[in-house]
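K.L.:
Sequence:
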Amino acid sequence: MSIEYANLCSVIVKQVFGETVQAVADCLFCAVSRTLPAIAKTTKLSRKEVSMALAVLIKYQLVVFLPCESNTFLAEYALKREEIFYILRYPGYVQLIHTKYGTVGAAIAEELLHTGPQTATNILLKCIASSETKEKIESYRDNFLAMLSDNYLIRLPQLVPGEEDPVPKLQIEAYQYFAPPEINLQFIAQVQAGKEKVEQAADAGIYWHINFSRFHQDFRDSLMIGAIDRKLGASASECFKYMLKQMYERTDPWQKECSNPFTLAEIKQMIEKKSNNLDLIKHLDQYVSLLADDPLGFIRKIGEMGGGQYVVDLSKAFEELTLTWFGRVITERYGSKASRIFRIIHMKKFIEQEDLQKEAMIPAREAKLLSYYLFQDQFIQMKTIRKAGGGGMGPAKAYFLFHFKPKQSVRMILNVCYKALYNTIERSNFEKSEHKRLIEKSQKLDSIVATMKERGESAEYIEEILETLTPPEREILEKVKSRIKTLSKAELTIDSSIFLLQMYLYHSKGSTVFPSKDKK
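Here the working numbering is used: position 306 in the sequence shown is 306, and no number is missing along the way.
Among the hints, a few may not be true.
[As the list claims (entries may be wrong)] Below, a list of computed lysine-lysine pairs in the DSSO-like style, where the Cα atoms sit at most 30 Å apart:
(1) K59 x K419
(2) K348 x K134
(3) K44 x K419
(4) K14 x K348
(5) K405 x K231
For the record, the hints were derived by calculation from the structure and aren't laboratory data.
Quantities reported herein were computed from a predicted structural model and do not represent experimental measurements.
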């Protein structure tokens with residue numbers, strides 16, 4: 001992990017959990033694992049402070065623990081570095097659930113993300129207590145079970161009973177990850193009435209959390225479907241969406257390169273059952289051929305059985321999406337001619353400067369300048385080939401060839417994105433702290449005005465209250481809100497770029513840990 005990623009994780013932890021937890025997280029980030037005494041010594045915090053910070057990180061599934069190899073009476077704590085970054089995506093997870101399951105599902109997801117893993121009974125009780133829509137308890141139960149059935153929720157390991165080891169052991173069988181819990185609605189009603197205690201519920205001790213892997217699967221699919229929609233149209237993207245559904249019937253969602261084969265007959269059968277798109281049903285063969293022949297290479301034909309056998313080539317898909325992204329970034333930064341140079345270098349694999357300017361049809365001076373800029377910023381690399389002179393006695397000749405190393409460039413750009421995201425968050429925090437008094441004054445006024453409107457106060461009296469915020473203060477406040485909004489949009493844009501680049505590295509076997517658990 002790079003220093004840029006470490007700084008980003010540090011500021012995220014500080015923003016969410018505070019400085020004490022940040023110090024412990026920074027300490028764990030610098031090592032594979034550490035014991036509690038080692039953390040206390042490094043951070044110079046008391047054992048009590050370290051214990052409380054670790055408890056918070058463990059509760060939110062950001063730290064795991066195992067018995068120490070040298071001393072089984074001590075626990076070693078390790079930080080889940082990748083999952084700290086997921087905190088920035090919490091609004092995206094809630095938005096996805098809201099799209100699929102409505103406000104009830106979004107309330108369940110938000111409760112789990114903000115308060116950590118809980119039992120099903122506890123989740124439903126908290127959601128009902130905080131609900132403003134007065135939804136029925138059955139609605140919350142049905143949405144919870146639907147989210148579990150679709151793998152958006154996952155069961156956490158339980159404490160192994162009967163074990164008396166100093167370090168607790170957690171265990172779970174594979175079949176239990178998505179097994180529905182026993183939810184007793186009558187018992188929940190009795191808890192609400194104060195006749196029962198939530199600790200006595202049938203599902204006590206069975207904790208549930210968000211399954212990040214499933215959300216990332218949906219984000220990945222939407223990237224591919226969106227790319228096809230923009231290039232080939234809505235019907236082609238819908239066809240590809242059903243191909244992905246068929247792929248998941250027999251393929252691990254996080255298989256790195258190609259899916260297992262599926263046939264045109266299976267796709268046709270699924271589309272006829274589930275789709276209302278008559279154009280797609282009528283011209284399915286043409287749409288499948290269009291997808292298979294497209295240079296994007298999202299699917300490949302590998303046989304003729306069942307009307308044609310196809311595979312989804314995830315490695316090729318994200319290679320093409322990443323190259324397109326690189327081209328767009330280079331165009332925005334250096335112009336269309338630099339983007340043309342980049343595409344030629346990628347297409348030719350290795351090319352000399354003279355041949356490059358001829359292929360790109362760009363004046364020699366401009367081609368040299370643009371290729372130098374690309375080389376300086378590590379978008380392209382240079383390879384030197386030396387050849388001995390005649391008879392082995394003359395001076396050696398050197399050939400300088402431009403080429404493109406995707407993984408190296410992607411890792412470099414990822415670090416730039418991490419640094420940009422860190423700067424964006426820091427700037428946003430600075431704006432909020434610098435104008436804290438003004439923001440708090442505005443929020444207080446808004447709450448007072450809302451209360452006055454509920455009481456039915458006159459418009460003139462409300463206007464007098466609003467005038468306590470002077471015109472210069474109002475102007476400053478508008479500028480601050482505009483800057484913070486712009487920075488928030490920048491965060492979302494950078495995160496979408498980071499996700500694409502991480503997916504490329506994962507499917508090209510360039511590391512970046514993504515999957516956790518999913519139904520097989």
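K.L.:
Against each hint, give a clear statement of whether it holds in the structure.
P.N.:
Each hint, compared with the structure:
no. : hint        : result
1   : K59 x K419  : 28 Å, holds
2   : K348 x K134 : 63 Å, violated
3   : K44 x K419  : 28 Å, holds
4   : K14 x K348  : 47 Å, violated
5   : K405 x K231 : 26 Å, holds
In this structure, the earlier hints numbered 2 and 4 are contradicted, and the remaining ones agree with it.
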